[in-house]
Amino acid sequence: MSVLVFTENWDGKFKKISFELVSYASKIAEMLNVQTVALSIGDVQEDELKKLGNYAADKIISVNNDKLKNLDNQAYASVIAQVAEKEGAKVVIIAHNNTGKALAPRLSVKLKAGLGAGVSKLPSSVEPFTIFKKVYSGKAYSNLVIKSDIKILTLSQNSFEFEENVKSPSIESFEPALSDDLFKTTVSNVQKQTGKILLTDAEIVVSGGRGMRSGDNWSPIEELAELLGAATACSRPVSDEGWRPHEEHTGQTGKIIAPNLYIAAGISGAIQHLAGISSSKCIVAINTDKDAPIFEAADYGIIGDTAKVLPDFIQAVKELK
Amino acid sequence: MKILICLSNVPDTTTKAKFVNDNTAFDTTGVQWIINPWDELALTRAIELKSDAANSIENITVITVGEKDVEPTMRKALAIGADDAVRIDAEPTDAYFVAAQIAEYLKSNPFDLIFNGIESADYNGSAVGGMLAEFLNIPSVSAVSAVNIENSQVKIKRDIDGGTEEVTSELPVVAIAQKGIAKEPMIAAMRGIMMARKKPLNVVAPVEVEALTGIVNFELPQPKPPCKMIEPDNVKELVNLLQNEAKVI
Ligand SMILES: Cc1cc2nc3c(=O)[nH]c(=O)nc-3n(C[C@H](O)[C@H](O)[C@H](O)COP(=O)(O)OP(=O)(O)OC[C@H]3O[C@@H](n4cnc5c(N)ncnc54)[C@H](O)[C@@H]3O)c2cc1C
Ligand SMILES: Cc1cc2nc3c(=O)[nH]c(=O)nc-3n(C[C@H](O)[C@H](O)[C@H](O)COP(=O)(O)OP(=O)(O)OC[C@H]3O[C@@H](n4cnc5c(N)ncnc54)[C@H](O)[C@@H]3O)c2cc1C
Numbered sequence: 000m001s002v003l004v005f006t007e008n009w010d011g012k013f014k015k016i017s018f019e020l021v022s023y024a025s026k027i028a029e030m031l032n033v034q035t036v037a038l039s040i041g042d043v044q045e046d047e048l049k050k051l052g053n054y055a056a057d058k059i060i061s062v063n064n065d066k067l068k069n070l071d072n073q074a075y076a077s078v079i080a081q082v083a084e085k086e087g088a089k090v091v092i093i094a095h096n097n098t099g100k101a102l103a104p105r106l107s108v109k110l111k112a113g114l115g116a117g118v119s120k121l122p123s124s125v126e127p128f129t130i131f132k133k134v135y136s137g138k139a140y141s142n143l144v145i146k147s148d149i150k151i152l153t154l155s156q157n158s159f160e161f162e163e164n165v166k167s168p169s170i171e172s173f174e175p176a177l178s179d180d181l182f183k184t185t186v187s188n189v190q191k192q193t194g195k196i197l198l199t200d201a202e203i204v205v206s207g208g209r210g211m212r213s214g215d216n217w218s219p220i221e222e223l224a225e226l227l228g229a230a231t232a233c234s235r236p237v238s239d240e241g242w243r244p245h246e247e248h249t250g251q252t253g254k255i256i257a258p259n260l261y262i263a264a265g266i267s268g269a270i271q272h273l274a275g276i277s278s279s280k281c282i283v284a285i286n287t288d289k290d291a292p293i294f295e296a297a298d299y300g301i302i303g304d305t306a307k308v309l310p311d312f313i314q315a316v317k318e319l320k
Numbered sequence: 000m001k002i003l004i005c006l007s008n009v010p011d012t013t014t015k016a017k018f019v020n021d022n023t024a025f026d027t028t029g030v031q032w033i034i035n036p037w038d039e040l041a042l043t044r045a046i047e048l049k050s051d052a053a054n055s056i057e058n059i060t061v062i063t064v065g066e067k068d069v070e071p072t073m074r075k076a077l078a079i080g081a082d083d084a085v086r087i088d089a090e091p092t093d094a095y096f097v098a099a100q101i102a103e104y105l106k107s108n109p110f111d112l113i114f115n116g117i118e119s120a121d122y123n124g125s126a127v128g129g130m131l132a133e134f135l136n137i138p139s140v141s142a143v144s145a146v147n148i149e150n151s152q153v154k155i156k157r158d159i160d161g162g163t164e165e166v167t168s169e170l171p172v173v174a175i176a177q178k179g180i181a182k183e184p185m186i187a188a189m190r191g192i193m194m195a196r197k198k199p200l201n202v203v204a205p206v207e208v209e210a211l212t213g214i215v216n217f218e219l220p221q222p223k224p225p226c227k228m229i230e231p232d233n234v235k236e237l238v239n240l241l242q243n244e245a246k247v248i
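Protein sequences appear in the order of chains D and L. Take the first sequence: its letter number 287 is residue 286 in numbering that gives the first Met the number 0, and every next letter is one higher. Take the second sequence: its letter number 43 is residue 42 in numbering that gives the first Met the number 0, and every next letter is one higher.
Note that these hints are calculated values from the structure, not bench results. Honestly, I wouldn't trust all of these hints.
[What the hints assert, rightly or not] Simulated pairs of lysine to aspartate or glutamate, EDC-like, Cα-Cα distance not exceeding 20 Å:
1) K246/L with D200/D
2) K67/L with E207/L
3) K111/D with E209/L
4) K146/D with E90/L
5) K111/D with E103/L
6) K183/D with E169/L
7) K67/L with D26/L
8) K66/D with E165/L
9) K156/L with D111/L
10) K15/D with D160/L
11) K182/L with E47/L
12) K235/L with D304/D
13) K50/D with E160/D
14) K182/L with D239/D
15) K14/D with D160/L
16) K1/L with E169/L
17) K280/D with D200/D
18) K246/L with E162/D
19) K191/D with E165/L
20) K166/D with E86/D
21) K235/L with E225/D
22) K307/D with E225/D
23) K68/D with D179/D
24) K15/D with E47/D
25) K85/D with E171/D
26) K68/D with E165/L
27) K15/L with D290/D
[To be verified] Estimated spans, in silico, between C-beta atoms of each pair:
28) W9/D with A204/L: 42 to 50 Å
29) N239/L with T287/D: 18 to 26 Å
30) K146/D with N239/L: 46 to 54 Å
31) T23/L with L121/D: 19 to 27 Å
32) K15/D with E230/L: 31 to 39 Å
33) K15/D with K17/L: 34 to 42 Å
Just so you know, even glycine gets a beta-carbon here, dropped at the ideal spot from N, CA and C.
So here's chain L without its partners, still in its complex pose (with noise of 0.2 Å):
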């Protein structure tokens, strides 16, 4: 069997949001670039099945649409343990032209399961994984907070909206990874770091697709009124102010 992941480059979750030229473009300066950490989570779990070997998992590739740039987070996610990665060179314009691009690349280069995270934490679009799965006609099942395999068939727990489902999918198939896919992100060993740099990182041409949204430009949010501080033995004012002034009880 082999294992994809799809790896989103994100600037760390400490970062604060800054724009430039006119708020149309982020303000990359001096942000640390992270692997997005669903993405992470999903190639942990991805190393755990691999390492056994019941599961005879052949190859774990990790693969992004990004410029050159984001070789470096490619570079973390081989010292974790990936086996090789592949970057497809393009600017990543929207999950539509990224899903398409992935989805071309698969096509002549087939996996058995797919990872994507549920969401990366730039453009926070949910939609790469489910757009990935229709452009390649195969089954997607999101929300997976659980992989396993059993009897070389893929069981695949989901949260659905007040509850939890067992799914069994035929493969190729794409799942969608959020919470409890993986305990904690893995870590790279000084090893695996060594190693990394000898792993194939291929790079491939993208192809022509045509990027369905378009940013006009960011805003900030409106700061915040400062918070009303309450005296700790008059709670009793706090709940009045819910029910009379914010009108939420």
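So that you can see chain D by itself, here it is in the shape it has in the complex (with noise of 0.2 Å):
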């Protein structure tokens, strides 16, 4: 028996969710006193998929098929379910990302195994398997139980402080049985987005709001992000005037995130606005208005004008290196 954690890398190279999920999944396995095992699909070096093993997997899987070289959830739900049956998995921890939403779902059917979606912290308890999750944008937690033998869950990115364990797993290749009929989808002109940080993958987002005035005040948003080593994000409104890209907008219809740091400029901090940055572990407010809702999100709040604190936020971050 297992607990089985499907990771994902970004041409060969793991992603530091991957990490995160094989961390979480090896403190449920030792809850339920049974195996880690990490499956990887796609072109992965041994070197590589070694990384797992120092955040506790004791074994690894690894599918390489040419078939697989694109996201097709019927495809890639069926190679898991096939994995998660020879390894005998109890739980399936899935990343609560845009693959992991697509994937997860499947195989809750495939399995009949209840999901528990974009949870945070470890069960509270395994007899009954007992969850946490947020609900309601955020503005609410339940506690759930999943009553199937096996369960999925999804873990919510940077939600989890993993920690090194290191051990030295076995590498075992497997070929799934991948029959035409589960692909029906074909995928052309991929765009991937080079050389920035990706706003849910990031520790540190800057992020503007109306209050910034016109998109042609962005630079010290971007001169601070990339002093920080941070993403860039903003408010719905503000992308909807075009002033900065749709893959920027933060907030219950938008990107959905969870950074150690959210830097808040020129941002009122609407309901549905806090709904995608909450969960952030330290919210700065920088706002003209002293009684914006998103003081009282913040951690630490400044009230001021944004076209004098942020250059003055710079200065004093390159005073820092």
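Got two chains here, separate frames each, mind docking them using the hints?
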């Protein structure tokens, strides 16, 4: 029996979330007294695969098949299910990102396994299997029991304090059965975002709202982000106005993120905006209005004009380095 | 081509979450109910597609698993421009239950293009669409930001983690919609509201399905300590606190 983790890689290198997932899975495996098995799909070299052992994977299964070059939800879900069956998985752990949200529900039906979506903590008990998850877009949480024999959990990115725990896992390659009728989609025109820190992966995010007044005023946000190694984000009206690209829109109807530090410049803190950022570990607000609701969500606040505060911020960070 | 939109009935996004019965049930007192924002955008896109005769879309149907109190929200969808509505008469106990009900209905009432939203604003499961596709053994495409029809083929743009892709799919397909699918939600016109009263809203009986999860209770987030205010001419102090107190830079 095992806890199975579905890892993700980017051009053959594991994403940070994969280590988070393996570490999280190993803690559940401990609670259940079973093994942690990590599944990798794609062309990943042995040196890289071994890295999963640093976060307590006992066994690594590598699937490298040309048919799986593109993400086909049906085919991928089938591969994960085959491995889950082979390894007697009791719990399957997947990331709560675009890929995970596409695969976990399909797998849930395949394995008749109840889904706990978007967890950020370990289960409070394994008998009954009780998880804690965000509901109402972060305005509340619920304790949820998963009643099925097999359980699937999707873990929110950047939510779990993962730690090294070095093991020397066995590595095994696996050839899944991949019948043609699993592939009903074709992918073309792949555009990969390169060179930029992905908003959902970023540990620090610098974000601007309507208080920035115009898309032409974004250079201090970009400069501060560059200095801090941060990604840039914005509120919905800013992307609606075309001041910033849509990928940067955070909130209920945009991206949901949980960085270590979220800097909100000229953002009022509407409830729909907070729905996307309230899980951030530390929130800084810069706003001219002392009554702006963002200050209720923030840890640190400055009542002031972004046109003055941001350049000072940049200066202070430069002095630090 | 026939389009189906799975519609979730959710509290208005400004609603404060409160609970009753020992924190085991959502307090619906005074709550305004709306079409889940993603579903509303998907409906908008469906109507846009139908308005182009070249796409030959016969029909747009909305479907909800819910009890009678969801009907006003379904009428809103009819007023915006859906042609008919189906309500599966059951309390939606979890995503698996909801998907199984819709799948059962679709087995005898097929559609070509099925829209779901990426996430329902209540339970935030991001689950029903993918589950539905697996129950029906049909493809699903998630995080969809554009849908077009070219020569009766459905062309979908989706986000992957760190990029975008164009996907062509066999039909039927479940498209799980997110931001971008339509620009702004369409609003019902007076004429639409009048017509909506006469459009069919069919109620069908549920099938027996066991939910795989159950809610024990709800909790409100811990209150945050008050925000520490820093003087605007002392941004250095902020940077110092971020480095040495919060330890985030
Ligand atoms: C169904 C629905 C979904 C939504 N989803 C989202 C979502 O996902 N994300 C989202 O962001 N919004 C969303 N919204 C919109 C949301 O309600 C707010 O309208 C929006 O978040 C406001 O954006 P803002 O803070 O940039 O602008 P505003 O609310 O206009 O705030 C601007 C702020 O800047 C301050 N300011 C002005 N000048 C300066 C200056 N020089 N220096 C410093 N501060 C200054 C002002 O005091 C004000 O607080 C949604 C709304 C609905 C109805
Ligand atoms: C009394 C009561 C008890 C409940 N108990 C539970 C529980 O124990 N566990 C639990 O997970 N949920 C429970 N729910 C929530 C409810 O069943 C949700 O509607 C369902 O779980 C789907 O939520 P989701 O967040 O997974 O949807 P998501 O998968 O996030 O929704 C995505 C999309 O699926 C479609 N969709 C979602 N719901 C419906 C629907 N009802 N009809 C048609 N299409 C839909 C929409 O297109 C939506 O955009 C309960 C609800 C009630 C009223």
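Cross-check of the supplied hints:
no.: 1; hint: K246/L with D200/D; verdict: holds, 19 Å
no.: 2; hint: K67/L with E207/L; verdict: holds, 19 Å
no.: 3; hint: K111/D with E209/L; verdict: holds, 11 Å
no.: 4; hint: K146/D with E90/L; verdict: holds, 18 Å
no.: 5; hint: K111/D with E103/L; verdict: holds, 16 Å
no.: 6; hint: K183/D with E169/L; verdict: holds, 6 Å
no.: 7; hint: K67/L with D26/L; verdict: holds, 18 Å
no.: 8; hint: K66/D with E165/L; verdict: holds, 17 Å
no.: 9; hint: K156/L with D111/L; verdict: holds, 17 Å
no.: 10; hint: K15/D with D160/L; verdict: holds, 12 Å
no.: 11; hint: K182/L with E47/L; verdict: holds, 11 Å
no.: 12; hint: K235/L with D304/D; verdict: holds, 16 Å
no.: 13; hint: K50/D with E160/D; verdict: holds, 18 Å
no.: 14; hint: K182/L with D239/D; verdict: holds, 9 Å
no.: 15; hint: K14/D with D160/L; verdict: holds, 10 Å
no.: 16; hint: K1/L with E169/L; verdict: holds, 14 Å
no.: 17; hint: K280/D with D200/D; verdict: holds, 14 Å
no.: 18; hint: K246/L with E162/D; verdict: holds, 18 Å
no.: 19; hint: K191/D with E165/L; verdict: holds, 12 Å
no.: 20; hint: K166/D with E86/D; verdict: holds, 19 Å
no.: 21; hint: K235/L with E225/D; verdict: holds, 18 Å
no.: 22; hint: K307/D with E225/D; verdict: holds, 18 Å
no.: 23; hint: K68/D with D179/D; verdict: holds, 14 Å
no.: 24; hint: K15/D with E47/D; verdict: holds, 12 Å
no.: 25; hint: K85/D with E171/D; verdict: holds, 13 Å
no.: 26; hint: K68/D with E165/L; verdict: holds, 14 Å
no.: 27; hint: K15/L with D290/D; verdict: holds, 19 Å
no.: 28; hint: W9/D with A204/L: 42 to 50 Å; verdict: holds, 47 Å
no.: 29; hint: N239/L with T287/D: 18 to 26 Å; verdict: holds, 23 Å
no.: 30; hint: K146/D with N239/L: 46 to 54 Å; verdict: holds, 50 Å
no.: 31; hint: T23/L with L121/D: 19 to 27 Å; verdict: holds, 23 Å
no.: 32; hint: K15/D with E230/L: 31 to 39 Å; verdict: holds, 36 Å
no.: 33; hint: K15/D with K17/L: 34 to 42 Å; verdict: holds, 37 Å
When each numbered hint is compared with the structure, no violation occurs for any of them.
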